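Novice: Listed here are the chains, written in short residue letters.
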Amino acid sequence: MSQVRLLTAPFDPARELAAFTAAHPEAGGVVSFLGQVRVGDGVEALELKHYEPLTLPAMKDLASRVRGRWDLDGLLLVHRSGVMAPGEPIVLVAAAARHRRDAFAAADYAMDHLKSESWFWKREKAGGEWRWIEPRDQDFEDIARWG
Amino acid sequence: MSQVRLLTAPFDPARELAAFTAAHPEAGGVVSFLGQVRVGDGVEALELKHYEPLTLPAMKDLASRVRGRWDLDGLLLVHRSGVMAPGEPIVLVAAAARHRRDAFAAADYAMDHLKSESWFWKREKAGGEWRWIEPRDQDFEDIARWG
Amino acid sequence: MALTLVFLGRLEDVAGGGSRAIPLASSIDAVLGALEPELASALRGARVKLAVNGILLQDTDAPVLKDGDEIAFLPPVSGG
Amino acid sequence: MALTLVFLGRLEDVAGGGSRAIPLASSIDAVLGALEPELASALRGARVKLAVNGILLQDTDAPVLKDGDEIAFLPPVSGG
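Chains as they are written, first to last, in my numbering: chain A, 9 to 155; chain B, 9 to 155; chain C, -6 to 73; chain D, -6 to 73.
If you are wondering where the hints come from, they were derived from the structure by calculation, not from laboratory data.
As the structure is a computational prediction, the values presented were derived from the model and not from experiment.
Hints may contain errors.
Stated by the list, open to error - DSS-like mimics (lysine-lysine), calculated; alpha carbons at most 30 Å apart, straight line:
#1 D/K59 x B/K57
#2 D/K42 x B/K68
#3 A/K57 x A/K133
#4 C/K59 x A/K68
#5 C/K42 x A/K133
#6 B/K130 x B/K68
#7 D/K59 x D/K42
#8 D/K59 x B/K68
#9 C/K59 x A/K57
#10 A/K130 x A/K57
#11 A/K133 x C/K59
#12 A/K68 x C/K42
#13 B/K57 x B/K68
#14 B/K57 x B/K130
#15 C/K42 x C/K59
#16 A/K130 x C/K42
#17 D/K59 x B/K133
#18 A/K68 x A/K57
#19 D/K42 x B/K130
#20 B/K57 x B/K133
#21 D/K42 x B/K133
#22 A/K130 x A/K68
Same shape as in the complex, but just chain A:
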């Protein structure tokens, strides 16, 4: 079963991951990725905007593609929107599987596709000014790995 959540308030990744792991005692391994707002880049705040009618359905669709591609016991996708301060978690992906390779590949793939396909628009505040972040070529390269 997949859990997909789009949150507008801060979340505790350690608690999310502990609950996810406890729910999958039959899995030998759990791989997680946590993305957080970096401290020390001069970024004062990060804002992610989403478009409700598209963003959550697309995340659920991604989850079901990941489940179809690897043999998983569980999959968790949690994504923030709204304004976040440095150090705050942005995204948590976790995959529980019997086999380690499946869990690694599923989490990796889910992150690559969340980053490049998801309906989030991002702006950063630095020096008191908000600036929209444009797409990065790196994301398209990451996607291309999966053929």
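Fit chains B, C and D to the given chain A structure using the hints.
Specialist: Just chains B, C and D now, with coordinates in the frame of chain A:
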């Protein structure tokens, strides 16, 4: 800085990971792998034996190879030895990096090499009988991926 | 008789707000034609996608709009 | 005047214990020659590695043993 620990008593992976993440606010991403004793395979207990003069130095050596190969902000390797019950954590690997790809690759590599190179001997108890686990071919294939 | 336009990402800055109500017009072209030229030009950008009531349009779609429809203008997502 | 032998993994079962103290012998061959034949044969297995005082031996090493040395017999690790 790397943290490498060989524990003879149970540990709380969520707390370990929360502390590790908090220590690396400059990292954009943290990838973790948690391996636990599977519930539901009919295994009543798992025992890992180590040889102190070799096991911990080899884990530290692995950590330093991983650090040399990828650009990481932090690396955590925690491994249990002793007798574990189903559901108990065995191993936690976490890599914090500025770039997601580095964190994924480092955690993946560390697990492949921990599994196949580390000085742990494993036996399982099932039906009241202990049985030593022999090396698996899969581990050698995993290693071969890294060239 | 109205439509709602939703502007995502940097289009919000061009439009001066995240959304706007406009009088009903029957086609996307008619909607764009009634907007400020600078905004209309930004919305016609090659990489801007459109969704009507949460359904993404294909390039060749030319939907007939009706009262209450919500049209979202979606620039490329930010990634990274 | 003694040596300590340490048996890891399944070798512990063959030896009937995880470690054993034996009288000093000057070479690995002499140590093995003084053991029960079944145990000596298991310890000579192609995939069993040896460490003396925590230092892994290379295939061609033939160390001269001294009082207090600890010799560990290491079968292949379990993996998976």
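Novice: Compare the structure with each hint and give your call.
Specialist: Hints, verified against the model:
no., hint, result
1, D/K59 x B/K57, "holds, 27 Å"
2, D/K42 x B/K68, "holds, 20 Å"
3, A/K57 x A/K133, "holds, 14 Å"
4, C/K59 x A/K68, "holds, 29 Å"
5, C/K42 x A/K133, "holds, 26 Å"
6, B/K130 x B/K68, "holds, 20 Å"
7, D/K59 x D/K42, "holds, 19 Å"
8, D/K59 x B/K68, "holds, 29 Å"
9, C/K59 x A/K57, "holds, 27 Å"
10, A/K130 x A/K57, "holds, 6 Å"
11, A/K133 x C/K59, "violated, 38 Å"
12, A/K68 x C/K42, "holds, 20 Å"
13, B/K57 x B/K68, "holds, 18 Å"
14, B/K57 x B/K130, "holds, 6 Å"
15, C/K42 x C/K59, "holds, 19 Å"
16, A/K130 x C/K42, "holds, 17 Å"
17, D/K59 x B/K133, "violated, 38 Å"
18, A/K68 x A/K57, "holds, 18 Å"
19, D/K42 x B/K130, "holds, 17 Å"
20, B/K57 x B/K133, "holds, 14 Å"
21, D/K42 x B/K133, "holds, 26 Å"
22, A/K130 x A/K68, "holds, 20 Å"
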